[in-house]
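Engineer: Residues per chain are reported as follows:
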Amino acid sequence: MGLRWLKTIASVLLHLLMLLAVLALWNNTAPQFIYVAF
Amino acid sequence: MLFLEPWFWSFAAVAVPVYWLCPRRLKLYWLLGASAVFHYHFAGPAGMTPIICLAIVTFFVALAVSAGRAVWLFAAMCSTLVGALAFYKYGTFVAQNVTTALAAVRVSPPAWLVSWRQPAAPLGISFFTFEFVHYLYEVRVKRREPIRNPFHFAVFAIFFPCLAAGPIKRFPDFVPQLETLRNPSVATAWPAVQRIIRGLFKKVCIADLLVEYIVVFEKLPAFNAPIVILLAVLQGFRIYYDFAGYTDIAVGMAQLLNLRVPENFNRPYFATTLQEFWRRWHMSLSSWIRDYIYIPLGGNRAHQALNLLAAMILCGLWHGAAWNFAAWGVYHGVGLVTEAGMRRVWPGLFGESLAHRLVGWLICYTYVCYGWLIFFYPMGTVLQMTKGLLRWGYVG
Chain A
1 MGLRWLKTIA
11 SVLLHLLMLL
21 AVLALWNNTA
31 PQFIYVAF
Chain B
39 MLFLEPWFWS
49 FAAVAVPVYW
59 LCPRRLKLYW
69 LLGASAVFHY
79 HFAGPAGMTP
89 IICLAIVTFF
99 VALAVSAGRA
109 VWLFAAMCST
119 LVGALAFYKY
129 GTFVAQNVTT
139 ALAAVRVSPP
149 AWLVSWRQPA
159 APLGISFFTF
169 EFVHYLYEVR
179 VKRREPIRNP
189 FHFAVFAIFF
199 PCLAAGPIKR
209 FPDFVPQLET
219 LRNPSVATAW
229 PAVQRIIRGL
239 FKKVCIADLL
249 VEYIVVFEKL
259 PAFNAPIVIL
269 LAVLQGFRIY
279 YDFAGYTDIA
289 VGMAQLLNLR
299 VPENFNRPYF
309 ATTLQEFWRR
319 WHMSLSSWIR
329 DYIYIPLGGN
339 RAHQALNLLA
349 AMILCGLWHG
359 AAWNFAAWGV
369 YHGVGLVTEA
379 GMRRVWPGLF
389 GESLAHRLVG
399 WLICYTYVCY
409 GWLIFFYPMG
419 TVLQMTKGLL
429 RWGYVG
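Note that the protein sequences, when read in sequence, are chains A and B.
Under our numbering, the residues of the first sequence are numbered 1 to 38, in order.
Under our numbering, the residues of the second sequence are numbered 39 to 434, in order.
Chain B with its partners taken away, still in its complex shape (with noise of 0.2 Å):
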């Protein structure tokens, strides 16, 4: 449970204080090892070891390419990030889709992709892969000074309050803060006190309650219209609440250590267009796909369609190794599509008036929360609530 376990909160009570008494030489290297802790506490050393490699292949890598050594060290090395990201996701889904594919044509799979289990994926090796991808990139494509010293390359890979989902941190905004530790004033303490409070009332009181109704909503032997729109509504604010309240308690955490790292959320419901929406939305890791998959792929140069559909795919597929995260993002990116596409043809349609941007919001909101159905539940139960959408009476 991370930030509600009993553990996490003694392990604060230590750290954090421990940090302000700590001499300004020595804040980095308790920082350090209190990050190590906490990864090898909540990861434990199978965690650990594959993203301990991966870092210190990446440090020095990024050394060599911002030489100008070896520059196809680069590809190789963002390959192996990709494939370790790969291997410990998505080795077990190819696997069964593989042997499925297989027994469908009347070929027996062999024994070993029959028998295929993988490790256990490291505690939060979506994010350290998007980190280290994103540290690569600007120093090889964006020419940024590379990190040279590996005590802040380190607490930049596991710093703890972002470690399990992030937010995901980039390298230029964070690492400069590491050269200059101090403690936070009040001015500064309180609010992250605030905002720490704030993130678990976020999850105790909002999200886990959510849960309870959306379980019994969900356990219903029918759907019609209410039920599913009801649904939708409340699981959109269950992972909105969710993750908020987590990156409430991560960002809060940071700040305590008076450091800054990046919002994920801006009122994302607010929005009046997807566009709007996904630059609300997570936004450390939308503007991390726009920046490191979407600008590189193209973006809005040429054939856009494509690139956002790319984009919003591979999106979905981050979030999980199951066809409906894929299903999710071709969905977005069919969205993002459209309204491009619409605010090309008729741009009159995306007036700031306030009858325009209400309309805009209904169908965006609407959008998005038909998007959460396909997010949670398989696609033949969102087939069921799409059918039960269609019908208004008492389902017995």
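This is chain A alone, in the form it adopts within the complex (with noise of 0.2 Å):
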């Protein structure tokens, strides 16, 4: 039970900080999606 809700804070936090990432390095002039233009 506990290192069931370690692992889920776990993720939770992963994925927040890969969020805070994101949001960082969010650059409004990115390239396409490559297979977009398929």
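Treat the hints as calculated values from the structure; they're not laboratory data.
Some hints here could point you the wrong way.
Said to hold, decoys possible - A few chain A positions that, by computed beta-carbon distances, are all more than 12 Å from chain B: (1) G2; (2) M18; (3) Y35.
Unchecked claim - Estimated spans, in silico, between C-beta atoms of each pair: (4) W5(A) <-> V95(B): 54 to 60 Å; (5) A10(A) <-> L400(B): 30 to 36 Å; (6) Q32(A) <-> C60(B): 29 to 35 Å.
Claimed, not checked - Interface residues of chain A toward chain B, partial, derived using beta-carbon atoms under 7 Å: (7) H15; (8) L19; (9) V22.
Quick caveat: nothing in here was measured; it's all calculated off a predicted structure.
Just so you know, even glycine gets a beta-carbon here, dropped at the ideal spot from N, CA and C.
Two chains, two separate frames, one set of hints: put the complex together.
Structural biologist: Structure follows, in structure tokens:
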């Protein structure tokens, strides 16, 4: 039970960090997704 | 930029919660309305019109074909769909190449050919074409029951998470889900949110960052082996993280609506053979090519090498109207044919031991990475890079 909660908290933190990184690196002139052009 | 535009996230912030709040009988219509708004925003009326026309005709043709009437309609409709794709994607390419060829033999090309400029290709036309051809083929050849509800067909056609670049859906898997639209449970919604975040991370923090480095290396005055190897590896990761990021957002968004769509990747760079690579890379496209080009051509039963080559050249050209895409298709076709031949002559080479798999992985990964150079660069540059592979020293 304890381990499950620990994994959940770690996953939430990891995804929050990813989201922060995305927001920090957000670039309005980023290249288009490659496959959208196809 | 599609999934990276603030408009998309504002749209999703309204479309998804309202979908959840909708009574069950209205969910389908909300989904269709939201998809239409998405389509209109990104494709505009000029991009929507050809797709809507093709979708309406496909819907009725499938009904006629399934009723056993006018079977020739199937061939005519498939030709129309492929013809529309060819017109929008390859018109200018063909016109330019014919003009060049005529000029080479000192024949002056007609004025209309020189000035040929077709309208821009509608958003996602390659993906629409594949889904419609798949639909017609399944109804005609595999005798599947066609979609009789036009709203179901419309959602299948323009479902917004997959509209621009797939994953290419299969109607027998997707449409039955529309019969019983429900809200996702927390156990489904949270992984969906995680997946969307991971998708954004792959695109913004990995793929786009790799582009910054790639641009620097591309600008070097000459290539040597370490630079070319680095470029090939970086381009391989860039295209993977770019498209896997897109796919994660699309699949995650569909999951938020409690709908399943196909996966596109299964750790492709861990493949130990080219055949395995193509079973793991852009799976919704590679399985489409297998089912609707390779197998109808004869598959493994007759002239396998020619079938493989034809399927891979078409796969290459599907990516765009340029010679480097065709060359990339030929390159992978030749690789697959060679591998199939070796498998027949020396089956022992493809053993399951660790050593076999390690060597297999190294060969496969090297082959795929060199392929990305052909995919991304014009032939002249690839030639320069290939010559650069023979140079290990410093180039200033």
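Engineer: Evaluate each hint against the coordinates.
Structural biologist: Taking the hints in turn, this is what the structure says about them:
1. Against the 12 Å criterion, G2(A) stays outside the reach of chain B, whose nearest CB is about 20 Å from its own CB.
2. Consistency note on M18(A): stated as away from chain B, yet its beta-carbon is not over 12 Å from all of that chain's, at 4 Å minimum.
3. The claim that Y35(A) lies off the interface is violated: its Cβ sits roughly 4 Å from the closest Cβ of chain B, which falls inside the 12 Å cut-off.
4. Judged by the Cβ atoms, the range 54 to 60 Å given for W5(A) and V95(B) holds: they are separated by roughly 55 Å.
5. Evaluation of the 30 to 36 Å hint for A10(A) and L400(B) yields a pass: the beta carbon distance comes to about 34 Å.
6. Evaluation of the 29 to 35 Å hint for Q32(A) and C60(B) yields a pass: the beta carbon distance comes to about 32 Å.
7. Interface restraint check: H15(A) against chain B, minimum CB-CB distance 5 Å, threshold 7 Å, status holds.
8. For L19(A), the interface hint holds, the least distance from its beta-carbon to any beta-carbon of chain B being 5 Å, beneath 7 Å.
9. With its C-beta approaching chain B no nearer than about 5 Å, V22(A) sits inside the 7 Å limit, and its interface hint holds.
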